[in-house]
Amino acid sequence: MKKLTVLLLCLVLALPLAACAPSRDATAVVRYGLSNAWDTLMPYNSPSGSNYTRIVCDKLYDRLAYVHADGTLDPRNAAAWESADGGMAVLFFLDEGAAFHDGTPVTAQHWADTIALMTDPDCPALGRSVFNVLAGTDEAGAALPGEALGAEAVDTYTLKLTFKTPTTPEDFLLDRNREFYVLPTHLLEGTDPAEVLELPLWQAPVGSGPLTFVEEIPGSQLTLAANPNYQLGRPGFDLLVITVMDKSNLLPSLIAGDLDYYAFGGNLAADDRQTAEAGGITVLEGTVPNSFYELMLNNERISSSAVRRAIDLALDKQALCLHTAQGLGEPTATDLTPGTAYTSSLTWSRDVEGAMALLEEGGYDGRTYSLACTANRSGLAALMQQQLAQAGITTTIETVDSAALFSGMAEGTYDMAIASHTPGALPLWFTESRFSPGNNIFHVADLTPYTGLISQIKAASDSGARQALVDELQALLARERPFLPLWFGRTLHAQSPTVDNIDYPSSSFSNENVWEWTLQAG
Amino acid sequence: MGRYIRRRLITAIPVFFGITLLVFLMVNLAPGTIVDLMGEGASSGADRAALEQALGLDRPLPVRYAGWLAGLLRGELGQSFFYDRPVSRLIAQRVGPSLLLTGSGVALAVVLALPLGILAAWKPRSLWERLASLLSLVSFGVPGFLLCLGGIALFSVTLGWLPTHGMYTFGTFTSLADLLRHLLLPAGVVCLSSLGELVKQTRAACLEALGQDYILTARAKGLSEGAVMVRHAFRGSLVPVLTTILSHIPHILGGSVVVEQIFGWPGMGSLLFSGISQRDYPVVMGVSVVTALTVLLTNLLLDLVYGLADPRVRYGKG
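From first to last, the protein sequence lines stand for chains A and B. The working numbering applies: residue 1 is where the first sequence begins, and numbers increase by one. The working numbering applies: residue 523 is where the second sequence begins, and numbers increase by one.
Careful: at least some of the hints might be erroneous.
With the Cβ distance kept under 8 Å, some of the chain B side facing chain A (calculated, not the full set) [stated by the list, open to error]:
| id | residue |
| --- | --- |
| 1 | Leu551 |
| 2 | Gly554 |
| 3 | Gly693 |
| 4 | Thr694 |
| 5 | Phe695 |
| 6 | Gly786 |
| 7 | Leu793 |
These are calculated hints, taken from the structure and not from any lab test. Just so it is clear, CB atoms sit at the ideal spot from N, CA and C, and this is done for glycine as well.
Could you build the full structure based on these sequences and the hints that come with them?
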């Protein structure tokens, strides 16, 4: 009994010791939460190609520009840019103050060498297709032998990128900026391109971004330090500690004061708004769409476009948006992001009777379609099931994880699946990758009408002509309905109580203005 | 004894390879691969094909298993698909934190459960027994994730005593007090999760022992109740209690998936979780190998400890 008493006493004594929080006076630490892990610190070798990897690489390496959520651009490594060669090229004038973490100035040659190295056919870079817009590369982004690569250092601080088709600087940056990073090629000299990805450098990288590498536990924790020489200014803190934790613990940690911020942009579900506000967190309502919800369709199994259009008419997108985002979003008839330069006159309205007529026209035989969703969207799927049933379409819901959902759609296991994506400002942000022979996830029998229009849109340099082609593509999509656009959602941002100057909305576009973040004193 | 150990080790070999084959089939037959997670289906066909080839996912299953097995026999656990690093290195980084978290949680549970179980058996219908019943109920009845979130809500959000996540405040070891602060809450959850089974087992074993003739003899000899309980009843109940304690060893090494994931603890459990959700087969296989080996060795250890705890246990020559 005495021993037990002693033990309990020790435990009681240990509590106050544990309750002593370490002082933060000496080091200004920003504690950053992430709900999923990054896979690599080598930006061109990410198997997942996920935004979690991009948001981490964004801090270690520099990009050409900073993209705001509304599609406006700010200088980053490139201080300015302009179109050249009749729209076939873009000149980037690099910031002469930019330097790598080892002190070496960042030059246009670094950019040109980075692109040359990553497009080298011998280099097994996984994310190489990002370069396939450049002249002298194939569809996979590999350099074509005997052709001049469209990346050239005009002078020390002027980089020229030449494209296959006319491309404005804005189009290029909105589309590809988040995947273009400058590497410390001066540290890679003499390395065989086949072995460059295996260098220990990528486990303790030297970049030119606003933060420098300190320590990593892969998939769990990453410690970065402020780069005092970053050309856009030194971040207003000393260390940034990124911890991977469950989504369910992000908001409680912010309320408890154990996190200063979580990605992406303190993204908050509408259901959690009250909890956040009750916990003293200021909630900011997003103004720019940051999510696009779609119903993926298997066009082989649902082969009649009339039936696909019937499904579209049977769904009450307003109610679905209300259920999921408490109304923070707009139902849509297209995949064109609202607020961007490209618009569509197509509108959406629910019409159950019209849906029933179309089902008859399409010869719907009463078969039950499988509807796949992830666990967090089972309520949404149930609501869809009810709405479709009102028009006479029967469905069965299958709850699976993300990998099973996408592989199931690719393999044709499911007839429909609910998915969401981060929208882009360009008119082809959604369609281009989904209507290609290598990724025909909707199982469209004949891709030619789509790929033909997509190629024409990409080649159109005049905005009026491009808008007309975009209209044509959207009309085709509305006629055929290979997938159903549901709504564009806006998010809520749980504002950091301890860090100022965070550009919350832009973080969902995989860049964060950490050089402007300031940790409040005390 | 040596012969017995040798025989057990030899029989463990096919069991071990059987486990690896089962895990390999289960993870590989699950729908989806890491390629399906690439940019949520938005990546180009060229990227997908390149990734499949680079990771060897384009090869048939038997070839992949044979390749993995050949690596294992060379002492290699393969390269993580997701992190592009040797799995053995990832595991080496995660074993320490898991041992610390789950080890301290289970150790605390043992320290609390043994006296509580003995007291509950010794003094039925007392406060001790009610406390034991309550803790068992919470331990068995409340899911781990709810214990985690409840603990965070109470000790971190409401009281502000303990941190909600992580292992260190500054991302690296700065002081023991800092580590302890971060450890207390997740280890407390692990402790509470393990407590119920241990208390129940100790109480039941002690109660059973108390009905034995040798306890009657001890009492007849005039020994104090405390001495009867600790020296005789508890000693007699050691075998089932030890079984329960030792059965936690694989759990200690394998980590607690839910606790580590919610608290952002950099252990084996969170590594396994990310391995499964990212379809990172080499990582899942690596963690499974470590866990399978631990289970097999623990079983052997259990058999040996029985002999020490209970003199009636003898290892046959046959």
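Tested hints:
1. Leu551: 12 Å, violated
2. Gly554: 3 Å, holds
3. Gly693: 4 Å, holds
4. Thr694: 6 Å, holds
5. Phe695: Hint violated; phenylalanine 695 of chain B Cβ to chain A Cβ min 11 Å, cut 8 Å.
6. Gly786: Since chain A brings a Cβ to about 3 Å from glycine 786 of chain B, closer than 8 Å, the hint holds.
7. Leu793: 7 Å, holds
The structure does not agree with the numbered hints 1, 5 stated previously, though it agrees with the rest.
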